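Next come the chains, spelled out residue by residue.
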Amino acid sequence: MGVLAELAYWQQTSIRVVVGVVAVLIPAGTLVYLHLFKMVSFMQSRLGPMEAGPYGSLQLMAEVGKFLQKEDIFPRKADRFVFAAAPFVVLASTFLLVVVLPGGPDAWFIQNDIGIYLALAVSSVSVIGILMAGWGSASKYSLIGGLRATGQLIAYELPLILAVVGVVIQAETMNLQGIVFAQADGEMFGWGGLGNPFILTQFVGFAVFMIAMQAELTQTPFDMPVAESELVTGYMTEYSGLRFLLFFIGEFATAGVFSAIAAVLFLGGWYVPGLEPTDNLFNVLGPVVLMAKVVMLAFLIFWFRFTFPRFREDQLQRLAWKFLIPIALANIVVTGVLKIAF
Amino acid sequence: MKLVPGLVKGLRVTGMTIVRTVFPKRGIKTLIPAPSLGAATVQYPHVKEAPPTRARGVIALHVENCTACMLCARECPDWCIYIEGHKEKAPPRRAGGKPRQRNKLDRFDIDYALCMFCGICVEVCPFEALFWSPEYEFSEPRIADLLHDQDRLSEWMETVPDFEDYEAGSEAKKLKVPPT
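Protein chains in written order, with my numbering: chain P, 291 to 632; chain U, 31 to 210.
FYI, nobody ran anything at the bench for these hints, they're computed from the structure. Being a predicted model, the structure only gives us computed values, none of them experimental. Hints may be right or wrong, so weigh each one.
Here are the computed lysine-lysine pairs in the BS3-like style, where the Cα-Cα straight-line distance is at most 27 Å [as the list claims (entries may be wrong)]: (1) U:K55 with P:K612; (2) U:K59 with U:K32; (3) U:K39 with P:K612; (4) U:K55 with U:K39; (5) U:K78 with U:K55; (6) P:K367 with P:K430.
Just some of the chain P residues that point at chain U, by a computed CB distance under 8 Å [what the hints assert, rightly or not]: (7) L326; (8) M340; (9) L448; (10) F601; (11) Q605; (12) Q607.
Sample of chain U residues at the chain P side, in silico, Cβ under 10 Å [to be verified]: (13) V43; (14) T71; (15) H76.
The beta-carbon is built from N, C-alpha and C at its ideal position, and this holds for glycine as well.
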């Protein structure tokens, strides 16, 4: 937070922690209510939760209360420490991800020049948590689910990163704040009215990023690791109560944070056309704008999630290795050539 | 690549369902969201849909028709029907005749905790004493209360819908006795 530079270290840190928690939980709650509860219900011609609060808006509170009441069960043969720590590892990866997000010209958690690289690196930490959960549960469903999740996350990490490279080439920086400024200051054929959101020039990268993101989040159609008809819920099978809730929060918070990263990379992040990108107003307006873009991108994620049936394991791997990665590589080559040509 | 049109079609189907559910109104009011009108479901405890008249909700007993013949209890796959009765003398049909012997029903219980709603008892009853009622709200906090006795089963008779004519071409079946 650039605006807080004159405060003491502990004050800055406290504010960062609080804002970080809010920045993780608010999008997660919004996505679960707006998309998982309501949009999907409308998609199936029903109303969804309507009883808890006006239009069921407090349903999430009820769900959290329900999970907190439940017993924290450990399977008898579980590796207790690994089993207990796994959800926290997954959640830690989410909290580390949110750190790189810029919310305005001066509203950022950390400012560093390897922003997107850091984000993609810490997003892989969740694989370790999932593998820990799968192994520590001492259950066949969990183990198969954990291994499938690992194979899938590793396979889709690659197109995810390669899709980002195109943006990085075009923006000439890996700093997420820099990428926002590059889009805000950009011009389309000499006309700078809308800036230059990279979704236009990097549409292929955007498509690959969204598909790979869907797989990273293990959302349907890429939910082979938690395929409920064969694996109960995969690596989450043996979890109950608070730890299951942590996995649940982790899943949707990561969906929110990944949508935010996609919004920063391809939709111009906190910037809306019409104002100067350095305008002080953006420190307040920016997070709201970013949130609106997150909701839009998450709509796509959940739209796909509740429209398409599940991929088979081999189809899933084939899509990543034989389809997305070549496209992403070609996108990098074309972007690089055009970058030098113009 | 040849899968793309199918994928787009799928997205269109779910997307159009959202639009139809949230904006069901037509004409100038189209932009007013009214999901409670557009949804195909109703909010159950507040709004109740009338079940189809032939729905299998609960089994009602018409006590006067029952002869305690035990056919239903014997055919019941779950053995959830308990019948007790005794023989009693009834006045003769004609003056000077012998008094008739008749089965009198003492106990007729259906344990709905065991019942699997197969309807075999209704089918098998030769005296039209058992009927399906579409009533479905008879859950109980205590499992023992799911044992419905003769009186409770008779109360369900009020909810049995009127005997409906069978469809054309099956007039022969009309001989079946309608509930009284």
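We went through each hint and held it up to the structure:
1. Taken as a hint, the K55 of chain U and K612 of chain P pair is broken in the structure, with Cα atoms around 46 Å apart against an allowance of 27 Å.
2. Distance restraint check for K59 of chain U and K32 of chain U: the Cα-Cα separation of roughly 39 Å exceeds the 27 Å cut-off, and the hinted pair is therefore not satisfied.
3. Between the alpha carbons of K39 of chain U and K612 of chain P the distance comes to roughly 24 Å, so the proposed pair stays at or under 27 Å and holds.
4. About 24 Å separates the Cα atoms of K55 of chain U and K39 of chain U, which keeps this hinted pair within 27 Å; it holds.
5. Of the pairs offered as hints, the one joining K78 of chain U and K55 of chain U holds, with about 23 Å between alpha carbons and a cut-off of 27 Å not exceeded.
6. For the proposed pair K367 of chain P and K430 of chain P, the alpha carbon gap of about 12 Å is at most 27 Å, so the pair holds.
7. The beta carbon of L326 of chain P comes no nearer than 14 Å to any beta carbon in chain U, farther than 8 Å, and the hint placing it at the interface is violated.
8. Interface restraint check for M340 of chain P: the shortest CB-CB distance to chain U comes to about 6 Å, inside 8 Å, so the restraint holds.
9. Look at L448 of chain P: its Cβ only gets to about 21 Å from chain U, farther than 8 Å, so that hint breaks.
10. Violation of the interface hint for F601 of chain P is found here, the shortest Cβ-Cβ separation to chain U being roughly 12 Å, above the 8 Å cut-off.
11. Taking 8 Å as the C-beta cut-off, the interface hint given for Q605 of chain P is violated, the closest approach to chain U being about 11 Å.
12. Hint status for Q607 of chain P relative to chain U: violated, with the closest Cβ pair at about 17 Å, above 8 Å.
13. Contact between V43 of chain U and chain P, as hinted, is supported at the beta carbon level, the nearest pair being about 8 Å apart and thus within 10 Å.
14. For T71 of chain U, the suggested interface contact is upheld, since its CB lies about 4 Å from the closest CB of chain P, less than 10 Å.
15. Given the 10 Å rule on beta carbons, the hint for H76 of chain U holds: about 9 Å separates it from the nearest Cβ of chain P.
The structure fails to meet hints 1, 2, 7, 9, 10, 11, 12 from the earlier list, while all remaining hints are met.
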